[in-house]
Amino acid sequence: MKKIEHLEKLPPQNLEAEQSVLGAMILDGVAIQVAKEILVTDDFYRENHRKIYAAILELAAEGKETDIITLADKLINNGDLEMIGGEQYVSMLAETIPTSANVKYHAKIVKEKSLLRKLLQNSIKIAQMVYEEAEDLPLLLFKSQEALRQISSRCGSEEVGRMSVSEENLTDHIAYFKETPLECLNKYIAGFPAKNLTIIGGRAGMGKTAMQLSFLRKICIEDGFPAVYFGSSNHTKETIFLRLLSAMCEIDFNDLKRGKVSAKEMEKVRKAHQKINESKLHVKFESSMNVFSIISGIKALRGKIGELGLIVIENLQDLNWPEKCRTKKESMDKILEALRGCVNEVKTPTSASSQINRTSEEEKDSLPRLSDLKDSGNIEDLADMVFLLHREDYHEKTSANGAPQNGKIIIAKGSPAVIVDAKFYGHLCNWRDN
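1 is the number of the first residue of the sequence shown in this note's numbering; add one for each residue after it.
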C-alpha cells in the first residue's frame, strides 16, 4: 500500500494575526463579539492560542469581563495556564496590541489560513484514498466533494444583512415554482420550488409511478423544462415510454403493449411519440442503483445542459449505500442525507417514491401515515413535502369499462395537513383532478 509522505513545509499559518486577535479580545469586549462571528476554536494553529480563545469565550458566556487577571484565573481553573506560557504570555498579548480596531481584518486572516490547512489535509486524505483504491469511484468522488463543500461553506460572508430582496430576484423566485398537473395539489402547495425534496409514499401498485410520471409530463414534456428520471429495477425505458404514451393519448396501457390500437389512435400515438422524443427528458435505468451514481449523474447532466426543471427518482428502497451499515434505516438515512445535499446544491425540485411498511398494508382501510414509510429514518426531517397515496378500492380491480378509482393524496408534510381527493386511472397510468 502506498503512503503519502508528510510535507516538510509548515502548513499555512499566521501567528502574528492570531496574537493580534487574542490581544484585541483581551482589551475590548466588542472585539470578542466580532471574532466570535468569524472564528471557531480550531481555526487557531497553535494549541496555546486555541486554549486562550476558548477561555475568553467561556468568560463571555459567563457574563464576566475579560482582562489579564480574569483570563489568567480562568486558565488556572482550566489547568491550562502553564501550558499556554503562563501569565507573562497573556500580558504580552494584551500589551503588544495598540488597538483592537483591526480585529476583524486579523480574524479573517486567521480563518483563511485555517481553511487552507483544512484544504491541504483533505487533499492529502483524498490522495491517500486514491492510492489505496479501497473505495468505489462514485463514493470517492462524493467524499471528495463533501470535504470541499464543508470548507467552502465557511467561505461566505459573516455579515448579517438587511431583509432586502430585489424585485428581479423575487420575480425569479415566484416564476421558478413548477406547477403539478393536479390543481387539487397546486391549491395547497403552489407547485415545486427550487431545492424541494418531495417523497411520494404508498403501497405497491398504489400509483406512485403514475404520479411521478404525471409530474414529468407537465414540467418536462408540456412546459419544456429539462428533467431526468432514474428508474427502478421494476421498469425499463420502453415500459416508461409506453406509460407516458398511454396517459398522453388516453389509450389503455395493455392495449398499447399488445398493439391493439386503431388507425385513429395510432395517429395520436405518433404525435405523442414525437413530442416525448423532442422533449428534454433524460433517463437512467440500473438493476441496482448506487446513490452516488445518481448524484454524479445529476451533477454531470446539469453541468452539460444547465438548469434542470425536475429530478425524479423511483423507489428509494432500491437505492444502496456502498458502505456497510448496521441497519437498513441507517443506510436510508445516509442515502437521504446525500440526496438532500445534492438537491440543495443543484437547486432543482426532486420527487422520489417510497414504499410503506407491510404492517400498514395489512390494515385494509386505514390511511397511511408518515411513520408508515418503509425504513423512513429521517425522511420526515429531510423531506420538504410528503404525499401519501391511498385508494379505498385498492383491492378491487378497475372496472372493465375503464372507470377511474377514487383516490386520496394525503399531504402529510409541506402544507397544513390535508387530504385531497383525486381520480386514479390505472389503465391509463394517470392521476387526474376530480
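To be clear, the hints were calculated from the coordinates, so they are not data collected in a lab. Certain hints may be false.
Claimed, not checked - Each computed DSBU-like pair below joins lysine-lysine, with the alpha-carbon atoms no more than 35 Å apart:
1) Lys118 to Lys187
2) Lys257 to Lys268
3) Lys329 to Lys275
4) Lys275 to Lys304
5) Lys218 to Lys413
6) Lys275 to Lys423
7) Lys328 to Lys268
8) Lys108 to Lys275
9) Lys108 to Lys347
10) Lys264 to Lys195
Treat the numbers as computed from the prediction; the structure is a model and nothing was measured.
Checking each numbered hint in turn, tell me which of them this model violates, lowest number first. Hints 1, 3, 7, 8, 10 are the ones this structure does not satisfy, whereas the remaining hints hold.
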